[in-house]
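We have chain A already, so just place chains B, C and D with the ligands on it with the hints.
Residue numbers (this note's numbering), protein chains in the order written: chain A, 1 to 610; chain B, 1 to 610; chain C, 1 to 349; chain D, 1 to 349.
Keep in mind that the hints were calculated from the coordinates and are not lab data. Remember, predicted model here, so these are calculated numbers, not experimental data. A couple of the hints might just be wrong.
If the Cβ cut is set under 10 Å, some of the chain C residues that face chain B in the computed set are [stated by the list, open to error]: (1) 56; (2) 58; (3) 82; (4) 92; (5) 93; (6) 96; (7) 327; (8) 332; (9) 341; (10) 342; (11) 344; (12) 347.
Each computed BS3-like pair below joins lysine-lysine, with the alpha-carbon atoms no more than 30 Å apart [unchecked claim]: (13) B:176 with D:147; (14) C:161 with A:176; (15) C:147 with A:176; (16) C:161 with A:180; (17) D:161 with D:193; (18) B:581 with A:581.
The beta carbon of each residue, even a glycine, is placed where N, CA and C say it ideally should be.
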Amino acid sequence: MVLERLAPETAHRGKSRVVDLAIKLANVNGTGSSSANNLLMQAFFRMGLPVSGKNLFPSNIQGLPTWYEIRVNGSGHTARVSQFDLMVAMNAQTHAQDIREVRAGGYVVWDSTWPLDQSAMRSDVSYLGMPVAQMCNEAFRSPRARTLMRNIVSCGAVVALLAIDLDIVSNLLAEKFAGKDTLRESNQHALMLGYEYARQHFDCPLPCHVHVMDGNAGAILIDGNTTAALGFLYAGATVAAWYPITPSTSLMDAFTQLCRRYRRDPETGRNSYLILQAEDELASIGIVIGASWNGARAFTSTSGPGISLMNELIGLAYYTETPVVIVDVQRAGPSTGMPTRTQQGDILTCAYASHGDTKHILLFPGDPAECFDFAVRSFDLAERFQTPVMMLSDVDIGMNDWVIPQLTWDDARVPDRGRVLGAKELEKRIEAYDRYANPDSDHVVARTLPGVDPKGAYFARGSGHNEHGGYTETPEEYLEVVDRLASKHAAAAMRVPDPQIESRGARVALVTVGSCGPAVREAIELLDAQGLPLDYMRIRAFPFSPAVQDFLDDHDTCFVVEQNRDAQLRSLLVLETAVPKDRLRSVLAYGGTPLSAGEVVDGVRAQMET
Amino acid sequence: MVLERLAPETAHRGKSRVVDLAIKLANVNGTGSSSANNLLMQAFFRMGLPVSGKNLFPSNIQGLPTWYEIRVNGSGHTARVSQFDLMVAMNAQTHAQDIREVRAGGYVVWDSTWPLDQSAMRSDVSYLGMPVAQMCNEAFRSPRARTLMRNIVSCGAVVALLAIDLDIVSNLLAEKFAGKDTLRESNQHALMLGYEYARQHFDCPLPCHVHVMDGNAGAILIDGNTTAALGFLYAGATVAAWYPITPSTSLMDAFTQLCRRYRRDPETGRNSYLILQAEDELASIGIVIGASWNGARAFTSTSGPGISLMNELIGLAYYTETPVVIVDVQRAGPSTGMPTRTQQGDILTCAYASHGDTKHILLFPGDPAECFDFAVRSFDLAERFQTPVMMLSDVDIGMNDWVIPQLTWDDARVPDRGRVLGAKELEKRIEAYDRYANPDSDHVVARTLPGVDPKGAYFARGSGHNEHGGYTETPEEYLEVVDRLASKHAAAAMRVPDPQIESRGARVALVTVGSCGPAVREAIELLDAQGLPLDYMRIRAFPFSPAVQDFLDDHDTCFVVEQNRDAQLRSLLVLETAVPKDRLRSVLAYGGTPLSAGEVVDGVRAQMET
Amino acid sequence: MPSIEKPPIQHPGLRRNSLGLTIHDYEGSMSTLCAGCGHDSVTAAIVHALWEMETPPHRIAKLSGIGCSAKTTAYFARGAHGFNTAHGRMATIATGAAAANRDLLYIGISGDGDSLSIGLGHLAHLIRRNVRMVYIIENNGVYGLTKGQFSPSADVGSTTKRGDPNQVPPIDPMSLGLSLGATFLARGFSGDKRQLVPIIKAAAAHRGLALIDVISPCVTFNDHEGSTKSYLFTRHHDTTATESDFVPPAPEIVASIPVEGVVSVTMHDGSVLRVRSVPDDYDPTDREGVAEHLRRAHAAGDVVTGLLYIDESSADLHEMHDTTDQPLRDIPFSQLCPGSAVLAGFGVR
Amino acid sequence: MPSIEKPPIQHPGLRRNSLGLTIHDYEGSMSTLCAGCGHDSVTAAIVHALWEMETPPHRIAKLSGIGCSAKTTAYFARGAHGFNTAHGRMATIATGAAAANRDLLYIGISGDGDSLSIGLGHLAHLIRRNVRMVYIIENNGVYGLTKGQFSPSADVGSTTKRGDPNQVPPIDPMSLGLSLGATFLARGFSGDKRQLVPIIKAAAAHRGLALIDVISPCVTFNDHEGSTKSYLFTRHHDTTATESDFVPPAPEIVASIPVEGVVSVTMHDGSVLRVRSVPDDYDPTDREGVAEHLRRAHAAGDVVTGLLYIDESSADLHEMHDTTDQPLRDIPFSQLCPGSAVLAGFGVR
Ligand SMILES: Cc1ncc(C[n+]2csc(CCOP(=O)(O)OP(=O)(O)O)c2C)c(N)n1
Ligand SMILES: Cc1ncc(C[n+]2csc(CCOP(=O)(O)OP(=O)(O)O)c2C)c(N)n1
Ligand code: SF4
Ligand code: SF4
Ligand SMILES: [Mg+2]
Ligand SMILES: [Mg+2]
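Excised from the complex, chain A in its bound form:
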């Protein structure tokens, strides 16, 4: 379905019959705005509208500006946009900036309890003032309610302005406050206050309104940290270790909640999991290594700084061939950087993490559905290849709500635990067990677990070792092992997820990764409308499967779209495929906000024109 417009920034949204609406809510954090934001998101979703929400929150607990952007798009385009039809500008401190982001002809809802700073005014947008604070002060007694309810009041106005189904919103409130009647009532009251005010004072609905659609059949609304946690639950992970760090904390929080619910023996109350909040990230990865060496499925989740701290032990796991699973929910670097902003900035660091010659398996989920899927597969890969597997998600996938197909599970599925010699095999064994000898066609050697059988004993070490596991400083013996490790990594290319490819036989393509997918696919539609047909590939794993090489071979030029300064995915493609460098060009956007199609279109056009 092609939109009637040139670029998202220039189109006049809301006029098309296909719903395409972007609203932004500007608030102060710690004042309870997120429940109102979610209410709107969920209402759009229940109306059957493809929707996405991008939460731009500060790295702070209370008192700083925070924004929530919602895009509703009948064609299913859910990437971020940078111009909004409706701005709910509830933070006076950011009025000027917020009003700049409204499209010409758009609307600003503001709290008319206080006067509006005239200098921020633009003549090409409409101002819809509503005395929100005053209304709340009149309607509610407690100071807390007076603050919290402002968000619901303005939400009510948005419902009226955009013709959102009021029943759906009321039902959502009823579900949310099931069993808490007073809370439900005050929220409903606040909602109606805003709703009625808008109906009485504004031209409702605005031209850019929504209507019920059938776009979300079989779909759910969920964030990637939650689905990743689900994936680890379903993969049978029993040990997890972590150190809190934004934006990965919510992954382990979700895993903890899930384990409490599904891993506690209903009779004994005893737990079939152990989650350790470690003293730091060096400990987290150490715990995971120990548990995996000892036969449990174990993982850790972290973000950039944690990956840096794990570097040494990632090398230990690689060289001792211990399976470990690490999630890196990437945030904007370098150093502490912008902890709540998104990037794919750890690709190179992760691919070659640790000193010396090392190469790792990376998985790049593109949405919460893949976070689930890849979380499960990460363990199969880690155990089959007895090596670290890193899943690189990002703030946008991990913490924002996405519409994805309902998650499914095949009950016949059994995990691939890789080559492990059990008690039976060991008991009847005559020849000595050599930890690093006799690889299979994937260059993997059977491992044994402690405690199983005396014949399985070996000595794991991060120092130079030969195929028996013995210490060595002899070149040939050392080479035998490290060369096999290289072959093993290469062999994983046949087992990792293939790229997602959409091909129409174009000569030029966009190649991308992770959360960039939706914006890049939307850009392809836009560029197609401009007469530039492009193919599409989203990389989903490293080492690169043969399909990646084939795709690159089939195109004269590929623009690699990614969110980092140093073209890290392009670098990895240059190094690890046979493609000539000059056939790969870069489109980079790394300011920390989720990618928009406009940035991609502009980036491609700028290079096509030169």
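Only chains B, C and D with the ligands this time, still in chain A's reference frame:
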């Protein structure tokens, strides 16, 4: 001077009029063999012969096999060889292996106190048995002397066998034991015991003997860790922090000795330096960052595992633009790996160390002379560019003795402390000081030091910041800073050491790095003799100076010779120059021993033939 | 409520210290912490102490790791250099800074997670090295910035907001410090500025590392019933070991604490610290006695505050290393570089 | 002297334990440490204790960091899995291993550098978590493998071979353990196997982390006059706090220590530990008393050995987390995966 032979492995050494001799001494560590080894090395050196010594020692304190290889070569080729003219096989445990490494027609000196295992015998070498242990038991009383003197006795035999100048050796003993007469006498006695025994029982000198030459005028014999320490002393480093790790420990040991001698006020006895043995490598780099931020020249030295641990704080230094100097004496990885074996295996890790987008300045000294020079220059670069500079040496350069030109110092030299605003500039300043605004043409902004002037105050942070140094999550402000960092790194290409180039206008070239230099240059002579003329470039820094790009442009094919599995230097060249990938091919040797010309010749020929 | 920038205008009638600076001159940028956060009260105490100490702001260097607590460094002494480093590593960076210039006043601000979890090893070694600095732990028993997980200072039985109890024994920075040879240990409560200000002043004058553990409640994640780091709990269980008064090295000496039962300690810079012990037998210079007192009080569930231990006689980092009086970073290059003649002597020849 | 491989032939007349294993079956590969290194004596004590305890070798898991001490794990129990990890990180890897399978006997071997310098934070948190394992520090006051630098356990005034004195206050793992809530603390001397063996056996039976500090002289770098971690110094300053005897949970109980003045502790597994205090008033179950004793002894320059502190009542890691009796790694997948029906319930729809 071209040798009359095809490859070092096949040539019959010792027949040529040009001295070309390789001997190897096999011992057990912790038994005092190193002083005998040094005695021989120094004797060859004093005879004016180009010489090199490669110490292959275990990662252990006592009781394991250890070898010392000495090559004497009149043409100045000092790379390792893998076949020896003379094997001094004093460790029965490794006899079999040691005897295999003797060239056909070569000699084995062994301790005939015990019988020789017949299975190790080869018919194409000559066995020179000498009852070393028995001789020592007869000549010395204390058990300690009986063990230690064996090395000197066999050294005496070597002196006779190779026609080493006995006076020189005796003088060396006299110098070493100046003031310790009994020790000198017993050593001299042991030397003569071996010397006389050899003269009486063997055909002295062997055909492969040496004679005095004039090859070492103005030269010294020294290792790279010592010269690097000297460089830091001369650069004016006042703070150093470290955590012991082989093979970098001897660098800080040397620096400590030097400071005790040259940085202690003769009158007050007070020190103008502070060396801290830190609790770990995270602390070492932290201390260096703190001292540098506060205006001292500070450095740390470490090896692979330490670099991994420093990853997070290297990113902090990069992003806050704090100059730091780090020496990585590379050893064989991954993980603990082979701590006493050499590799250039940390190139990629160091180039992009830390999560997020980061790029660092690397210096690659090729010998101890450059360790001195680059140690000095590392501070100038770090302070000029306000960023981490990593000097990547390796076991071979750092811990082995090399013949280099005598070190010199220009007393007029003043350090480049970079752009720092002093009290005078700050006092008269009217406009506010912005830490990250107003860059110069190198994209560097003037910094200020704590304690100097209230007007210079700023807040350094690893979190997102704008050009004023203020916290930001605003894309444009964030981009301004990180983009400048990228430009700054690129600008450093004009200031780093140029590559060492030897060009004869060939179409094909060998490109290499670090301690590989001598073997590669020898290989070029050998290949030339086989009708394959090659040019030579040794990379000395990253970012790559324009001369690197020019050289690559000027050649159809470059073989990148390096000691790691993953072709790390080649990878960096692929990513960071414009050269097409297929023009760069790899010759890799990474078993942990210093590189030999034979490995290079074989590697090149294997690829020329396919 | 829309957030408002603090007006930059200074109250005209404010008192000036001998440098001509008012208390506002020791403030920093506006706090972005939660309203009511204990950390902001610690900031206020620091500002007050610095103003009273009359330290030129630019002679202060402020360092911190990462956390809500770490942000505090931005909120005082805007005329000082600040360094918001990485989580848990402040101790190392401060050590390096102190090595380079022994003449500044170093103030490190840390959190209980920053210092006792990821940074524990560094803190321990900082204590051993006796680096001369003021090191304040803003101790709230939780990780504030990452939203309320237990930190290693959480007491056994203390609960999260949801009611889950902590089971892991806590780390008490004071006992830890004693066992590692710390030379200055004090505990305060963010709600008691009167007690905290003289402690900070004494810490700044101390010859070595001055570790101050300040119970600083996190109103957002750890101020509920069940938390042992809440305002209420701390108020109820606070028992004071000592009351201190700090007398700068000035001609006139004014002591606000009566002289009986007072231990006077002459500080490194000549100033005098007077400590009045509240339990009769408490002697802040007796390491063994202090350790016992702390153990017994902890077992009884008490939070002992005050200047707990002081030792002015041990060598600090620079004394151990016998460095010059002149800050290392100020020594001219000509004195550091041995010159060409010396260089010619190296290597075997 | 050429090094010789140890002959693999077993002495025929050696006694067998109830598993039919001789003491050689608890040995490992030949030591590559220096002749006379204290660490080899510790190995001998471990071998002896394991043989007496009759632990099936494959039910042991051996872990270590990096250092001469770390190599020890290769020299005992060749029938056990071993993991020579990275410098300072053994505690973390052991924690993970113990989490995965609560049923094995974990023996961690560390050095004073490994545990008190780079690994200090991890050791502290291992103690707090009370992970069930035997954790031995082979304490020689130096970094052996990197050739003799001071470690954090070096005493003030102890000198290097060259005579340079250490100035930084030491970390005593026993005091540290006490302040962090450790539940089993013992100190031995590599030269006193008779004392060490029962300590190791008790440690293995302990419900939680058993920390054993063994003074284990480094003959190559720290056995000279002036060193306080030399054989001579330790022999002269060793004062025994307790003598212990360990009685396995067997039908017949044989106690080699007379019963008067004996504290008996019933261990987790039903075995009985009998401790005879050497100073009359010493009670290894009184945390306060032990702390005081250690402090006074340290001040007097004594090295107190014996089982110093024991608490069999505190929860270990698994108890704190209330995990199933079945080792986590053995729970079948079918019990771990909630299945398709449950999955269908997630997400807003
Ligand atoms: C290496 C690393 N890991 C994790 C984090 C995330 N993080 C930021 S602050 C913090 C804890 C802060 O707790 P505390 O030190 O007690 O300070 P508070 O916020 O309570 O004042 C953590 C875990 C980080 N910034 N860096
Ligand atoms: C990350 C890292 N840093 C440094 C080293 C080098 N290193 C190996 S062992 C060791 C110290 C060992 O001392 P200790 O733990 O006391 O053991 P000992 O040798 O004395 O038994 C060091 C620093 C290392 N292996 N890894
Ligand atoms: S979250 Fe807690 S510690 Fe952080 S600012 Fe808010 S109250 Fe303070
Ligand atoms: S160096 Fe010391 S600790 Fe290491 S093996 Fe030798 S004696 Fe033992
Ligand atoms: Mg805290
Ligand atoms: Mg040690």
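Here's how the hints hold up against the structure:
1. The criterion of a C-beta within 10 Å of any C-beta in chain B is met by residue 56 of chain C, whose closest approach is roughly 7 Å, and the hint holds.
2. The interface hint given for residue 58 of chain C holds, since its Cβ lies 4 Å from the closest Cβ of chain B, which is under the 10 Å cut-off.
3. Given the 10 Å rule on beta carbons, the hint for residue 82 of chain C holds: about 4 Å separates it from the nearest Cβ of chain B.
4. At its closest, the beta carbon of residue 92 of chain C sits 3 Å from a beta carbon of chain B; the interface hint therefore holds under the 10 Å criterion.
5. With 10 Å as the threshold, the beta carbon of residue 93 of chain C comes within range of chain B, its nearest partner Cβ sitting at about 4 Å, so the hint holds.
6. Interface hint status for residue 96 of chain C: upheld, as the beta-carbon distance to the closest one in chain B is roughly 3 Å, under 10 Å.
7. Checking residue 327 of chain C against chain B by beta carbon gives a least distance of about 8 Å; that is within 10 Å, so the hint holds.
8. Because the closest C-beta pair between residue 332 of chain C and chain B is about 9 Å apart, less than 10 Å, the hint holds.
9. For residue 341 of chain C, the shortest C-beta to C-beta distance to chain B is roughly 9 Å, which falls under 10 Å, so the interface hint holds.
10. At its closest, the beta carbon of residue 342 of chain C sits 7 Å from a beta carbon of chain B; the interface hint therefore holds under the 10 Å criterion.
11. Below 10 Å, beta-carbon pairs count as interface contacts, and residue 344 of chain C has one with chain B at about 7 Å; its hint therefore holds.
12. With its C-beta approaching chain B no nearer than about 3 Å, residue 347 of chain C sits inside the 10 Å limit, and its interface hint holds.
13. At most 30 Å may separate the alpha-carbon atoms for a hinted pair to count; residue 176 of chain B and residue 147 of chain D meet this at roughly 23 Å.
14. Distance hint between residue 161 of chain C and residue 176 of chain A is fulfilled; the C-alpha atoms sit about 20 Å from each other, no more than 30 Å.
15. At roughly 23 Å between alpha-carbon atoms, residue 147 of chain C and residue 176 of chain A fall within 30 Å of each other, so this suggested pair holds.
16. Under the criterion of a C-alpha separation no larger than 30 Å, the hint pairing residue 161 of chain C with residue 180 of chain A is consistent with the structure, at around 19 Å.
17. Distance restraint check for residue 161 of chain D and residue 193 of chain D: the Cα-Cα separation of roughly 27 Å lies within the 30 Å cut-off, and the hinted pair is therefore satisfied.
18. Taken as a hint, the residue 581 of chain B and residue 581 of chain A pair is honoured in the structure, with Cα atoms around 7 Å apart against an allowance of 30 Å.
Checked against the numbered hints given earlier, this structure breaks none of them.
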